[in-house]
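Chain D is fixed; fit chain P onto it per the hints.
Same order as they appear, the protein sequences are chains D and P. Basically the numbering used here = 1-based index in the first sequence + 19. Basically the numbering used here = 1-based index in the second sequence + 27.
Fair warning: there could be bad hints in the mix.
Said to hold, decoys possible - Cβ pair distances, simulated, as ranges:
#1 GLN151(D) - LEU393(P): 46 to 54 Å
#2 ASP100(P) - GLU125(D): 28 to 36 Å
#3 VAL136(D) - THR55(P): 53 to 61 Å
#4 ASN106(P) - GLY320(D): 46 to 54 Å
#5 LYS309(D) - THR171(P): 48 to 56 Å
#6 GLY320(D) - THR55(P): 33 to 41 Å
#7 SER164(P) - GLN262(D): 57 to 65 Å
#8 GLU66(D) - LYS105(P): 40 to 48 Å
#9 ARG89(D) - SER164(P): 28 to 36 Å
#10 SER257(D) - THR55(P): 54 to 62 Å
#11 PRO254(P) - LYS383(D): 29 to 37 Å
#12 VAL312(D) - ASN106(P): 51 to 59 Å
#13 LYS327(D) - ASN378(P): 52 to 60 Å
#14 VAL136(D) - LYS105(P): 53 to 61 Å
If you're looking for bench data, these hints aren't it; they were derived computationally from the structure. From a predicted model like this one, the values you see are computed outputs, not experimental measurements. Backbone N, C-alpha and C define an ideal beta-carbon position, used for all residues, glycine too.
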Amino acid sequence: MLDRFLRCIITLSGSLLLSVIISAQSVIQPILEFDKGRITQLSIPLESLSDLNLEQVAIFTGVMDNISKRQPPILGRFKVSDTYLSFYPHFSLEGGRTFTLKINPELSYSFKTELPVESAPVLLDIFPSSNQLPSNLLKFYLHFSVPMQAGNSYAQIALIDQRGDTLDAPFVALSPELWNDDFTRLTLWLDPGRIKRDLGPNQLLGPVLQQRQTYELVIKPGWKNQQGLPLNKKYQKSFRVIQADRQKVNPDDWKLNIPKAGTSDALLINFLQPMDAALLQRMIQVLNVKNEVIPCQFQLGANEELLKIIPLNSWKSGVYQLRIDTYLEDICGNNLLRPFDRDLHKATEIKSEEDFNFLTWEVKK
Amino acid sequence: MQKISLLLLLLSVFSFQLVASDELPGFTTGDPGIQSISALAFGSDGILFVGDSKSATIVAIDTKDTQEKATPDKLNFKNVDTYLASMLGTEVDGMTIQDMAINPISKAIYFAVQLRDASPVLLKMQEDQFMLVDLKSVSHSKTTLNQAVAADAKDRRGRSLRRWAISDLSYHDGQVLVSGLSNEEFSSALTKLDFPFKKDALLSSIEIYHAAHGRYETYAPIKTFMPYELSGKTHIVASYTCTPLVIFPIDQMKPGAHLKGKTVAELGNRNTPLDIISYEKDGKPYLLMANTSRALMKIDPNKIEQYKDYLTEPVEESSATAGVDFINLPIVNVLQMDKYDNENIVLLQRNAAGELNLYATKSNRL
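Pulled out of the complex, with its shape left as it was, chain D reads as follows (with noise of 0.2 Å):
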């Protein structure tokens, strides 16, 4: 009897939505209301439970006939009113799920649950940007344009080589993974044992990434936000590979295009390589002759070889500073104090651990 439910859905405007569930008997209409995409709430109204027993009522994941004894309810909690039977789970369910309401050891009610009116996550951009990138690269960012899910990313990513084959363990599985605050950017990082040299697994097998090669990051379609809602589409990036940079990172080579005073150009530096996308972010800042922080918006120009540094107010004439965080990696971990892999055979000591490094420069009229 209970496979013989008759499901249509109804959608409302706004966080409303309403599920109609058409059984034999009789008719529910369970209104689900939304937060974040997500259901906080689902109201039946009294109504349509004919033989509604509060000391036995629950809500169960899946569809009646696959519920076993062992399974347990959804945690949360019942309120009833004058009109209406109402679940308050403990966390907020999603939708596109099918939930069964058990109101009495014999009758149960089996529904699915619409998918909130959202649009489908996009990848927005994956860093570095270069289709052309060295054999010992070391992270990837994928930017999306909402939340996404954690703990599962990894299986949602592969990195395939020229042949065709799938990568087997590219990047390092970390738990937690590493994302941003809001969940909308996750650092990939490359099996580190693979590039840092002498390490068993860099002797073993060498670098993920063979010089001369091409590859594929694809991003596969199935991964979903935190709605539930799966992305748009499959990724892919294709990139060939390069000679390794082992070289640490030196301000002292990159060119500066300095804009006049009275203006609002931006300042132009040319890394002459490509950088730390999200580093390039927070790591420089600009200086007035008073050691006071300029405000300074920062673009990210091609291949972030190229950053754009915009000031808020026009500059004036006179002497500025970058004012460079040592810790500012490019895309290979290089950083200002020491490269990703230091040869202690041949390196020079480290002199010093400073935080910052300083470029001087003049903005005249």
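For chain P alone, kept in the frame of chain D given last:
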């Protein structure tokens, strides 16, 4: 029809509330504002430490779960993930088990779960029953890691604060040790916090390096670690994201220090360490390490003590390892483990059929 007006009913009451009766000094009952649970560890007297990466906070929860249990429950719970998903109103793909810790007094097993929308969940399991720990009302004390990092002299001078994903947490002798991975720079920090947490705690946050075969030196992000007595001195036994087993004395952890760990073993490739614990078999101590893609590894700490050289010779054979010997046990796909009591270890393991099972195994069989 049964007619009941404006009657509030609390049903499905699996909820387990920690009620304040006698508050510990510095503790308060209420909502500690936990935004994520990356790591769990028990201290003494039923104190559960929760590592919250999102708010960069370590919360000490007084579970009041201190009724001693000499013999732990027989444990064999099948399909833990399916069960928990049902209870939390989702499906197996809608949640992740982040960590597991066993209360050494009551032998209750605590699980940190993260839902698809990143909501943190803390569950307690005893006698085959899962109960929700209400995180909105617990006796707690907390400290922020940002303060810890800011208190470090290096970060006081204008360097932008870094965000650390807490990769492991441990309590040892009045101190909470926290390892964190940066989500931007390739670096990690190991932070030592005094417990009970102090307002102006003496904190240290150090960076760690290691050298492969004594030659190439790099930063070394710690994935999992444990404090352990070696040669009469407490050491951190750590496993890095690139697998080698590294040790350094805990007394070298000083604010702003740059520590170089001593690499004592390379434990193979294509592998990420998950958990490390110690146990005894026939009165002899061992370390046990769980890994993403290799078997459980058993290591004799005496061999670590006797190991005098840094790894100096390159590894030659495929999947070979170097340094201190270890024994691969025929147990794979262990996702979480902890010591149940002196004779039993609890494993959360995915079997060949894909089922995630929780069971206890005798230490002397390992």
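Outcome of the hint check:
no., hint, in the structure
1, GLN151(D) - LEU393(P): 46 to 54 Å, "49 Å, holds"
2, ASP100(P) - GLU125(D): 28 to 36 Å, "34 Å, holds"
3, VAL136(D) - THR55(P): 53 to 61 Å, "42 Å, violated"
4, ASN106(P) - GLY320(D): 46 to 54 Å, "52 Å, holds"
5, LYS309(D) - THR171(P): 48 to 56 Å, "32 Å, violated"
6, GLY320(D) - THR55(P): 33 to 41 Å, "50 Å, violated"
7, SER164(P) - GLN262(D): 57 to 65 Å, "58 Å, holds"
8, GLU66(D) - LYS105(P): 40 to 48 Å, "41 Å, holds"
9, ARG89(D) - SER164(P): 28 to 36 Å, "29 Å, holds"
10, SER257(D) - THR55(P): 54 to 62 Å, "55 Å, holds"
11, PRO254(P) - LYS383(D): 29 to 37 Å, "59 Å, violated"
12, VAL312(D) - ASN106(P): 51 to 59 Å, "55 Å, holds"
13, LYS327(D) - ASN378(P): 52 to 60 Å, "55 Å, holds"
14, VAL136(D) - LYS105(P): 53 to 61 Å, "39 Å, violated"
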